[in-house]
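Engineer: Now for the letters of each chain:
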Amino acid sequence: MTPPPSADPETPAVELRGITKRFPGTLANDAVDLTVRRGEIHALMGENGAGKSTLMSVLYGMERPDAGSVRIDGREVVFSDPGDAMAAGLGMVHQSFKLFDSLTVAENVVYAAEPRRFGLVDRGAARRRVRELAEEHGLAVDPDARVGDLPVGLRQRVEILKLLHRGARTLILDEPTAVLTPGEADALFAVLKSLAAQGRTVILVTHKLREVLEGSDNVTVLRDGHVVARLVTAETSAAEIAAAMTGRAVELDRVHSAGTPGDVILDVTDLATDGVRDVRLTVRAGEIVGIAGVAGNGQSELVEALAGLRPVTSGRVALLGDDITHASATERRAQGLAYVPEDRHAVGTAPAASVADNLAMGHHRTSLSARGLLPPAAVRGHARRLIERFGIKAVSPEVPGSSLSGGNLQKLLIGRELAHDAPLLLVEQPTRGVDIGAVQNIHDQLIAYRDAGHAVLLVSAELSEIRGLADRVLVMYEGRVTAAYEKAEADERTLGLAMAGGAGGSAPVTQVAPVEVGD
Amino acid sequence: MFFDSDLLMSALRALTPILLASLGGAICERAGVFNIGLEGMMLMGCFTAVATSWFTGSPWLGVLAAALASAVYSLILAVGAVTLRGDAVVLGIALNLLAVGLTSFLLRTVFGVQGTFDDPSLAGLPLVGGFSPLAYLAWAAVGVAALMLSRHVWGLRLRGVGEAPDAAATLGVSPVRYQYGAVLVSGVLCGLAGAQLALGNVTLFSENMTAGRGWIAVVAVMLGRALPLGVLLAALLFGLSEAAGFRLQGLGLPQQATDAAPYVVTLGALFLTTARRRRRTPSTSPSAGAVS
Chain A
1 MTPPPSADPE TPAVELRGIT KRFPGTLAND AVDLTVRRGE IHALMGENGA
51 GKSTLMSVLY GMERPDAGSV RIDGREVVFS DPGDAMAAGL GMVHQSFKLF
101 DSLTVAENVV YAAEPRRFGL VDRGAARRRV RELAEEHGLA VDPDARVGDL
151 PVGLRQRVEI LKLLHRGART LILDEPTAVL TPGEADALFA VLKSLAAQGR
201 TVILVTHKLR EVLEGSDNVT VLRDGHVVAR LVTAETSAAE IAAAMTGRAV
251 ELDRVHSAGT PGDVILDVTD LATDGVRDVR LTVRAGEIVG IAGVAGNGQS
301 ELVEALAGLR PVTSGRVALL GDDITHASAT ERRAQGLAYV PEDRHAVGTA
351 PAASVADNLA MGHHRTSLSA RGLLPPAAVR GHARRLIERF GIKAVSPEVP
401 GSSLSGGNLQ KLLIGRELAH DAPLLLVEQP TRGVDIGAVQ NIHDQLIAYR
451 DAGHAVLLVS AELSEIRGLA DRVLVMYEGR VTAAYEKAEA DERTLGLAMA
501 GGAGGSAPVT QVAPVEVGD
Chain B
520 MFFDSDLLMS ALRALTPILL ASLGGAICER AGVFNIGLEG MMLMGCFTAV
570 ATSWFTGSPW LGVLAAALAS AVYSLILAVG AVTLRGDAVV LGIALNLLAV
620 GLTSFLLRTV FGVQGTFDDP SLAGLPLVGG FSPLAYLAWA AVGVAALMLS
670 RHVWGLRLRG VGEAPDAAAT LGVSPVRYQY GAVLVSGVLC GLAGAQLALG
720 NVTLFSENMT AGRGWIAVVA VMLGRALPLG VLLAALLFGL SEAAGFRLQG
770 LGLPQQATDA APYVVTLGAL FLTTARRRRR TPSTSPSAGA VS
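Chains as they are written, first to last, in the numbering used here: chain A, 1 to 519; chain B, 520 to 811.
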């Protein structure tokens, strides 16, 4: 609850010295030092594979370091499991929540640290404890609700309450805002700041520059297992952090200039499918239409319906003037549609198949087919051309898709679909979990595709991506398009409000008339 | 009259072994171990109970030995499924097949007979108030299990382990320990179930005498949604169908037909619950899991 009485306020809450951790074939952490002062919000940044997760696993007792020491409140400690770390006052909110969906909020919070009466769980005391903690820290949540019924933002509160119940003085949050709306993220940072003001310490593992700049006191940047920068947030900039993370200058949050729209390519009228209704939109040649929204508001269902993976219950979809409402996915592709699905591992690629085979998929029906056969030389040549054109880093075209990093697998998927030169591209979450460097490359590819006169429908939960790429922005909320904006109107605050349902949205919005958004 | 208090009494007597075994199965289920080895564990209990009672003259020692033997036997599942992370279904089937072979072999080597060992001087369990003492124990076990699972600290932790072992582990609760505990408890309960079958319902051992009761117990776990009271209701249904089978036999139906009664009820019950579950779960959208 409170800092240990004996501790001098200048003693760091967490001090890692010379942490080295080797895994077969990689040096995940190489003599990493990290000092986190008590009462600060300290951001730990780095691209995928930079060693952030390994470092936190070492701190939290999930991995034993090969060398180095861990000090908590000035005392050297050796943790053999997370239980030891918790006993020392650490607590971690994992990126994928560690909650029991069928249990209540109170049960989740007190689990393994239960108030008891005669060996039985004292439910009344558990409930009171949750209410007290919730009130004290501004984390309101119903103690009797089943966790499985709660939205993501509230589940995260339960995770934090769980740590506070155990008296955690240092909270480690791994990518805490990945699943939150901008509003929820702001609320989270308000809570973290008040925790820090009480003398608790927060370590934030993240790759989002904006929230680091707004919410942290200090930043430590890792690259390739080394600390490459220690920065005071107030004295740094997004560009400096990004340069440290990537090792080169990166142009951030570039807002690309608008395209020059031509003929209507995709025309959707009053479309309805599971979880989607009254959707009316058009996408023209030479423009990118962005669909913003919090995950789960019907965007995926809409795109699946457009791609032919989900039956349309009513309405009409026309591609290049032809009705494709009930056409199969194959027919749609033949008609001129390419599709980058959001789940690149399960839907977009076949991880066990080779890079060459992955690149051939879809093209097997058209350019690569020679009287129904696939000449290996043609497949290889096609793979080599795409690997070169899209800068995919693969040891060879023969290695399995699963051996590629997330960013490279995404480049493979996007490259394969762009290579169809289809008049319409559907693309979902093109840069989710992709490093900053690769993000820039992918964005450039999409803009070039647009400028070549193709139509692009982009679905993204990343607001900066939507704002940077889209010529027009539609917001989906609870299965409908509730707001539409031209590029210039779509600032972060406006979109954030609309994504949280703030645009009202009792009536479906036609995309031509932008809607006034008020509080 | 076909349905009368006699029928209910015989149903209550018939259900004891199924109830004990399915309670064990339910506890395993809640801990996240799918235990379909109940049949084999029960059969080991049957043989151990008869052998111990025969050599010591005490059916009580028979009960105790049966509980111990089945618990030891259940360790195969615990080690295989929990420690070595093997497939619990394959292990359960192996336990069931091994028990049939092992008890038949032991029947021959220990008693020198094949098929059935049956002797007037083999001591069975006495009746107390018309029921075997193990029947009272089974009813009490329902209450204890219900209370422990829903209210006790161990029960909460066990349910957590069964639902999300990773989450439990991050909070310092060892899933391995709780899963071993659950499997061992199911072993003890199946041992008691076997003892009840071989020294209570009848007083003899015959090869494969459990005759699918362990499988019915597995179904009872599913029907009762692994809740102690739910399992009690399911076991009661099977007890009634078994008792009704005997009654029908008395009315002149061939034994082969009446013996099938519990299995027909099992099939029917499985069919009904699956159909109901189908209706309740709408087709899951492929993107539903992708909200990450």
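Calculated directly from the structure, the hints in this document are not laboratory data. Glycine included, C-beta positions come from ideal geometry on N, C-alpha and C. Treat the hints with care, as some may be off.
Said to hold, decoys possible - A short list of chain A residues far from chain B (calculated; beta carbon distances all over 10 Å):
id : residue
1  : Asp81
2  : Pro82
3  : Leu103
4  : Ala113
5  : Gly119
6  : Gly167
7  : Ala187
8  : Ala197
9  : Gly315
10 : Leu373
11 : Glu398
12 : Pro423
13 : Ser464
14 : Asp491
As the list claims (entries may be wrong) - FRET-style restraints, in silico, Cβ to Cβ:
id : chain 1 : residue 1 : chain 2 : residue 2 : range
15 : B       : Ala794    : A       : Ala190    : 48 to 54 Å
16 : A       : Asp149    : B       : Thr792    : 22 to 28 Å
17 : B       : Leu587    : A       : Ala197    : 44 to 50 Å
18 : A       : Asp144    : B       : Ala794    : 56 to 62 Å
As the list claims (entries may be wrong) - Below, computed lysine to aspartate or glutamate pairings styled on DMTMM-like, alpha-carbon distance capped at 20 Å:
id : chain 1 : residue 1 : chain 2 : residue 2
19 : A       : Lys98     : B       : Glu682
20 : A       : Lys98     : A       : Glu214
21 : A       : Lys98     : B       : Asp606
22 : A       : Lys193    : A       : Glu175
23 : A       : Lys208    : A       : Asp186
24 : A       : Lys98     : A       : Glu136
Engineer: Run every hint past the structure and note whether it holds.
Structural biologist: Checked hints:
no. : hint                              : verdict
1   : Asp81                             : violated, 7 Å
2   : Pro82                             : violated, 5 Å
3   : Leu103                            : violated, 7 Å
4   : Ala113                            : violated, 8 Å
5   : Gly119                            : violated, 6 Å
6   : Gly167                            : holds, 13 Å
7   : Ala187                            : holds, 19 Å
8   : Ala197                            : holds, 27 Å
9   : Gly315                            : holds, 18 Å
10  : Leu373                            : holds, 32 Å
11  : Glu398                            : holds, 30 Å
12  : Pro423                            : holds, 25 Å
13  : Ser464                            : holds, 19 Å
14  : Asp491                            : holds, 26 Å
15  : B:Ala794 <-> A:Ala190: 48 to 54 Å : holds, 49 Å
16  : A:Asp149 <-> B:Thr792: 22 to 28 Å : holds, 23 Å
17  : B:Leu587 <-> A:Ala197: 44 to 50 Å : violated, 59 Å
18  : A:Asp144 <-> B:Ala794: 56 to 62 Å : violated, 32 Å
19  : A:Lys98 <-> B:Glu682              : holds, 11 Å
20  : A:Lys98 <-> A:Glu214              : violated, 27 Å
21  : A:Lys98 <-> B:Asp606              : violated, 24 Å
22  : A:Lys193 <-> A:Glu175             : holds, 17 Å
23  : A:Lys208 <-> A:Asp186             : holds, 13 Å
24  : A:Lys98 <-> A:Glu136              : violated, 23 Å
Of the hints listed earlier, those the structure fails to meet are numbers 1, 2, 3, 4, 5, 17, 18, 20, 21 and 24, in rising order.
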